[in-house]
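This is what each chain is made of:
Number of protein chains: 2
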Amino acid sequence: MYPKSADARFDFRYYVDKHMPRSIELLSVHPGFRGVSVERGAAGAVPGSEPAYVAMCHFTFTTADAFLEAFLPHASELQGDMPNYTDIVPTIQVNEVLISR
Amino acid sequence: MYPKSADARFDFRYYVDKHMPRSIELLSVHPGFRGVSVERGAAGAVPGSEPAYVAMCHFTFTTADAFLEAFLPHASELQGDMPNYTDIVPTIQVNEVLISR
Numbered sequence: 000m001y002p003k004s005a006d007a008r009f010d011f012r013y014y015v016d017k018h019m020p021r022s023i024e025l026l027s028v029h030p031g032f033r034g035v036s037v038e039r040g041a042a043g044a045v046p047g048s049e050p051a052y053v054a055m056c057h058f059t060f061t062t063a064d065a066f067l068e069a070f071l072p073h074a075s076e077l078q079g080d081m082p083n084y085t086d087i088v089p090t091i092q093v094n095e096v097l098i099s100r
Numbered sequence: 000m001y002p003k004s005a006d007a008r009f010d011f012r013y014y015v016d017k018h019m020p021r022s023i024e025l026l027s028v029h030p031g032f033r034g035v036s037v038e039r040g041a042a043g044a045v046p047g048s049e050p051a052y053v054a055m056c057h058f059t060f061t062t063a064d065a066f067l068e069a070f071l072p073h074a075s076e077l078q079g080d081m082p083n084y085t086d087i088v089p090t091i092q093v094n095e096v097l098i099s100r
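From first to last, the protein sequence lines stand for chains A and B. So for the first sequence, numbering that gives the first Met the number 0 puts the first residue at 0; every next one is plus one. So for the second sequence, numbering that gives the first Met the number 0 puts the first residue at 0; every next one is plus one.
Anything over 12 Å on all C-beta distances counts as not near chain B; from chain A, calculated:
no., residue
1, A5
2, R8
3, P30
4, A69
5, S75
Only some residues are given here: those of chain B computed to face chain A with a beta carbon under 7 Å:
no., residue
6, G40
7, G43
8, A44
9, T90
10, L97
11, S99
Treat the hints as calculated values from the structure; they're not laboratory data. We put the beta carbon where it would ideally sit given N, CA and C, even for glycine.
Chain A with its partners taken away, still in its complex shape (with noise of 0.2 Å):
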């Protein structure tokens, strides 16, 4: 999660046509893999106002564990491409999926 600040700098053309295709490529073929949601930050609770988050991916694997195997051989190569698109540090974390619809 990426969080929002006035002078961030953020290139969704980027991000979405380069680094989550590419992202996606090269986690996907791990037999953990169950999905993934790339969005973008449109408002906060109230319309108009400004998202906490700017944008936001959350990869769902079966386990945790299943996602580091799966990222950390492309850590490098994908952590060395943010810079292309912004200089946001983001906010990461790990959730267990309780119910799922």
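Got chain A sorted already, so can you dock chain B onto it with the hints?
Below, chain B without anything else, positioned relative to chain A:
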């Protein structure tokens, strides 16, 4: 998204067994409903570190307006139920889904 803090209260049993099933029951009947994910924050980027959010819920609808149409008739019931599981003020934002697989 419910920010984690040391003294915050969050009752996952109530949230997962009562609050979210009722929310899903009420919102999923709208024709714009596409899905929902309820998640527990397990760790930050570093295994064993604290996640930024203790819990997250993502509702997916065809449009932001469809979500509001589904949610607003039940806002008082659902928001009124929040003190039964938490004293955290959630961070709410509306996202546009750019990639979904």
